[in-house]
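2 protein chains.
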Amino acid sequence: MRPTHRTFGASAVVFLFLALVAGRSAQAQHDALPSWSEGASKQAIMDFVGRVTKEGGPDFVRPEERIAVFDNDGTLWAEQPLYFQFLFAIDRVKALAPQHPEWKDKEPFASLLKGDLKSALGQGEHAIVEILAATHSGMSTDEFNGIVEDWFANARHPTTGKPYTDMVYQPMLELLAYLRANGFKTFIVSGGGIEFMRTFAEERYGVPPEQVVGSSGELKFQFRDGAPLLEKLPKVDFVDDGDGKPVGIQMHIGRRPIAAFGNSDGDLAMLQWTCAGPRTHFCLYVHHTDAEREWAYDRKSDIGKLDKGLDAAADGGWTVVDMKNDWKVIYPAEK
Amino acid sequence: MRPTHRTFGASAVVFLFLALVAGRSAQAQHDALPSWSEGASKQAIMDFVGRVTKEGGPDFVRPEERIAVFDNDGTLWAEQPLYFQFLFAIDRVKALAPQHPEWKDKEPFASLLKGDLKSALGQGEHAIVEILAATHSGMSTDEFNGIVEDWFANARHPTTGKPYTDMVYQPMLELLAYLRANGFKTFIVSGGGIEFMRTFAEERYGVPPEQVVGSSGELKFQFRDGAPLLEKLPKVDFVDDGDGKPVGIQMHIGRRPIAAFGNSDGDLAMLQWTCAGPRTHFCLYVHHTDAEREWAYDRKSDIGKLDKGLDAAADGGWTVVDMKNDWKVIYPAEK
Chain S
992 MRPTHRTFGA
1002 SAVVFLFLAL
1012 VAGRSAQAQH
1022 DALPSWSEGA
1032 SKQAIMDFVG
1042 RVTKEGGPDF
1052 VRPEERIAVF
1062 DNDGTLWAEQ
1072 PLYFQFLFAI
1082 DRVKALAPQH
1092 PEWKDKEPFA
1102 SLLKGDLKSA
1112 LGQGEHAIVE
1122 ILAATHSGMS
1132 TDEFNGIVED
1142 WFANARHPTT
1152 GKPYTDMVYQ
1162 PMLELLAYLR
1172 ANGFKTFIVS
1182 GGGIEFMRTF
1192 AEERYGVPPE
1202 QVVGSSGELK
1212 FQFRDGAPLL
1222 EKLPKVDFVD
1232 DGDGKPVGIQ
1242 MHIGRRPIAA
1252 FGNSDGDLAM
1262 LQWTCAGPRT
1272 HFCLYVHHTD
1282 AEREWAYDRK
1292 SDIGKLDKGL
1302 DAAADGGWTV
1312 VDMKNDWKVI
1322 YPAEK
Chain G
992 MRPTHRTFGA
1002 SAVVFLFLAL
1012 VAGRSAQAQH
1022 DALPSWSEGA
1032 SKQAIMDFVG
1042 RVTKEGGPDF
1052 VRPEERIAVF
1062 DNDGTLWAEQ
1072 PLYFQFLFAI
1082 DRVKALAPQH
1092 PEWKDKEPFA
1102 SLLKGDLKSA
1112 LGQGEHAIVE
1122 ILAATHSGMS
1132 TDEFNGIVED
1142 WFANARHPTT
1152 GKPYTDMVYQ
1162 PMLELLAYLR
1172 ANGFKTFIVS
1182 GGGIEFMRTF
1192 AEERYGVPPE
1202 QVVGSSGELK
1212 FQFRDGAPLL
1222 EKLPKVDFVD
1232 DGDGKPVGIQ
1242 MHIGRRPIAA
1252 FGNSDGDLAM
1262 LQWTCAGPRT
1272 HFCLYVHHTD
1282 AEREWAYDRK
1292 SDIGKLDKGL
1302 DAAADGGWTV
1312 VDMKNDWKVI
1322 YPAEK
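Note that the protein sequences, when read in sequence, are chains S and G.
Residue numbers for the first sequence follow this note's numbering, beginning at 992 and rising by one.
Residue numbers for the second sequence follow this note's numbering, beginning at 992 and rising by one.
Hints in this document: simulated from the structure, not taken from any laboratory.
Note that this is a predicted model, so its numbers are computed, not measured.
Incorrect hints may have been included.
[Said to hold, decoys possible] Here are a few chain G residues that face chain S, going by a calculated C-beta distance under 8 Å:
#1 LEU1224
#2 GLN1241
#3 HIS1243
#4 ARG1246
#5 LEU1301
[What the hints assert, rightly or not] With a cut-off of at most 35 Å between alpha-carbon atoms, the simulated DSBU-like pairs for lysine-lysine come out as follows:
#6 S/LYS1296 to G/LYS1226
#7 G/LYS1033 to G/LYS1045
#8 G/LYS1033 to S/LYS1226
#9 S/LYS1315 to S/LYS1176
#10 G/LYS1045 to S/LYS1176
#11 S/LYS1109 to G/LYS1211
#12 G/LYS1085 to G/LYS1105
#13 S/LYS1296 to G/LYS1211
#14 S/LYS1211 to G/LYS1176
#15 S/LYS1299 to G/LYS1211
#16 S/LYS1211 to G/LYS1291
#17 S/LYS1176 to G/LYS1211
[Stated by the list, open to error] From the structure, some residues in chain S lie toward chain G, with a derived Cβ separation under 10 Å:
#18 GLU1055
#19 ALA1172
#20 LYS1176
#21 GLU1201
#22 VAL1203
#23 SER1207
#24 PRO1219
#25 VAL1230
#26 ASP1234
#27 GLN1241
#28 GLY1245
#29 ASP1293
No residue lacks a Cβ here, since even glycine has one placed at the ideal position from N, Cα and C.
Throw the hints in and build the complete structure from the sequences for me.
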């Protein structure tokens, strides 16, 4: 090796090394949560992450136990005027109506097709189950995924006009990434359909299918033309809401989370389970307080009711995000 | 900076750099499967891994889609003379008998307590369900974990005298590690109880709780003395065997695996599902052919029957491991 080569090679390595060190230092000063206003909520998140990642500290938690669980509707994306999956179901009823002439005289489909949502949903839980069964079963899992993906590509939200997947919350995207950068494994634990959420969770949230926990219908393994498939049956298997959330967590994750994020009473059991755990823990409610940029609702809302949860948050010293003041932007497009 | 310092610093960096390069090269030559004899089975595994990891190659599979699923009983550890979890249940019946004087006259417990296993199990599925309910419910998930961990610490296998967790298969431990080193995510998908397996899967197999799929009983979220817990109910929730395996995979993982490993007809649907997938795939059966070092059984066995599976493997060109000839050692202690 000629000396000039050696000198050049060594200098290049030194340069790369210094660049690496400089890069790390810049990263440490970088604001991982730029869409969060400076204030108590942001500070509480950063304090918690600082404590559980401080090796040798009293609150340190091993990386494999850094499990964070997130509700989806109202926590990671919007849920007004109706859960988006239900808007999908209504669109599907309309699309399938020509194949079901009997729906013209059969409730709850008749009201739905007339555009009378209130009457359709006012018929109680059995009506909702019937609408979900008609639109979420009778096909393979692969076929269902294709239908959902088509819908997301073309459907627009009734009041914002945005594609639904553009109505995820920018501050929560930053929070998901920040937790992962600090060794957390992030899971969705939502009342939404597990297959429905998986179609966009990896791309939008960076959460892979195996880290999505949700409600589900029964599946049946069978063969069609010699090829195996999983048929979606018109029967509810598991409802991942309320007391079902800690159960879903145990079934799918098998460890108690150390951080839980929700926005409604349906998340209360998940937050209670998380914040009664033996390790350092953190519970946060997103409080919808921004009628201008998003929606404002809590104790009296039909969708995303937050009543007992607000009381429990006050009792437990949990963090409550004031959307209006704590979030500089709501949706990614505003960034 | 003084020239001597600079020269020293650069040399040290160059040295580290070269050491790194040398280390990588040594790693490439290292045999990741030392307990596997050279032969068709080992070659097939290595060819498959080479193909799916070759970027730009026709068989390349993105790391996030490299999902590998493993049956547990008879595939990752032994299962004779009876599934180990059932031996646990029998030990629990004996331990709980003083609190259940009525069991002396009540089947299947009476036969079990007299040591007449054959009569106890010969009473059919309801007897097995009753034994499992009596030993796997009526406590919290945390309490159950403690009971299982105690049992593993003290119980010994009836013929080998080994702790049960020493009866994992060394060649399969190497295979799990080899796949993970090549970007695979490894899951257990077994008929065994999900909570039972989780107590040792992370330590023995390097498979964390959230990557264990198994059979389960129903859970109920409730409070005891003000603290939340998950109560194990005496009701079967899901049987992760046979056609249940692809269903369990879809529920927990949400992606079709590209590699599946089993040893019995109970794994057939899982292998069919995996090897009918659109991406490069690999299916393997462990064939128990070693009566001396382990057990020899297949088409006529009550435990781990491998009959239809052997035919399907021949039809599909799947890899069939001949335990006697393909594995240099069976258990880790023999290494």
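Hints, one by one, checked against the model:
Given hint, G/LEU1224 at the interface with chain S, is violated; its Cβ is 10 Å from that chain's nearest Cβ, farther than 8 Å. Because the beta carbon of G/GLN1241 sits about 5 Å from the nearest beta carbon in chain S, less than 8 Å, this interface hint is met. Because the closest C-beta pair between G/HIS1243 and chain S is about 6 Å apart, less than 8 Å, the hint holds. This hint holds: G/ARG1246 has a C-beta 5 Å from the nearest C-beta of chain S, less than the 8 Å allowed.
The interface hint given for G/LEU1301 is violated, since its Cβ lies 19 Å from the closest Cβ of chain S, which is over the 8 Å cut-off. Of the pairs offered as hints, the one joining S/LYS1296 and G/LYS1226 holds, with about 32 Å between alpha carbons and a cut-off of 35 Å not exceeded. Among the hinted pairs, G/LYS1033 with G/LYS1045 is consistent with the structure: their alpha-carbon atoms are about 18 Å apart, no more than 35 Å. This hinted pair does not check out: G/LYS1033 and S/LYS1226 have alpha carbons roughly 44 Å apart, beyond 35 Å.
Restraint check for S/LYS1315 and S/LYS1176: satisfied, since their Cα atoms lie roughly 28 Å apart, inside the 35 Å limit. Distance restraint check for G/LYS1045 and S/LYS1176: the Cα-Cα separation of roughly 28 Å lies within the 35 Å cut-off, and the hinted pair is therefore satisfied. The hinted pair formed by S/LYS1109 and G/LYS1211 meets the criterion: a straight-line CA distance of about 33 Å does not exceed 35 Å. About 10 Å separates the Cα atoms of G/LYS1085 and G/LYS1105, which keeps this hinted pair within 35 Å; it holds.
Restraint check for S/LYS1296 and G/LYS1211: the C-alpha separation of about 23 Å stays at or below 35 Å, so the hint holds. A threshold of 35 Å between alpha carbons decides the hint, and for S/LYS1211 with G/LYS1176 the separation of about 25 Å falls inside it, so the pair holds. Restraint check for S/LYS1299 and G/LYS1211: the C-alpha separation of about 20 Å stays at or below 35 Å, so the hint holds. Using a Cα cut-off of 35 Å, the hinted pair S/LYS1211 and G/LYS1291 holds, with the two alpha carbons roughly 28 Å apart.
The hinted pair formed by S/LYS1176 and G/LYS1211 meets the criterion: a straight-line CA distance of about 25 Å does not exceed 35 Å. A cut of 10 Å between beta carbons decides the hint on S/GLU1055: the least distance to chain G is about 6 Å, and the hint holds. Annotation: interface hint on S/ALA1172 violated; nearest CB of chain G at approximately 18 Å, more than 10 Å. The restraint placing S/LYS1176 at the interface with chain G holds, with a minimum CB-CB distance near 7 Å, inside the 10 Å limit.
The criterion of a C-beta within 10 Å of any C-beta in chain G is met by S/GLU1201, whose closest approach is roughly 5 Å, and the hint holds. Evaluation of the S/VAL1203 hint against chain G yields a held restraint, the C-beta minimum of about 6 Å falling below 10 Å. Because the closest C-beta pair between S/SER1207 and chain G is about 6 Å apart, less than 10 Å, the hint holds. For S/PRO1219, the interface hint holds, since its Cβ comes within 10 Å of a Cβ in chain G; the closest pair sits about 5 Å apart.
Proximity of S/VAL1230 to chain G is violated relative to the hint, the smallest CB-CB distance being about 13 Å (cut-off 10 Å). Checking S/ASP1234 against chain G by beta carbon gives a least distance of about 4 Å; that is within 10 Å, so the hint holds. For S/GLN1241, the interface hint holds, the least distance from its beta-carbon to any beta-carbon of chain G being 5 Å, beneath 10 Å. A hinted interface residue such as S/GLY1245 counts as satisfied when its beta carbon comes closer than 10 Å to some beta carbon of chain G; here the least separation is about 3 Å, so the hint holds.
For S/ASP1293, the shortest C-beta to C-beta distance to chain G is roughly 24 Å, which exceeds 10 Å, and the interface hint is violated.
Checked against the numbered hints above, the structure breaks hints 1, 5, 8, 19, 25 and 29 and satisfies the rest.
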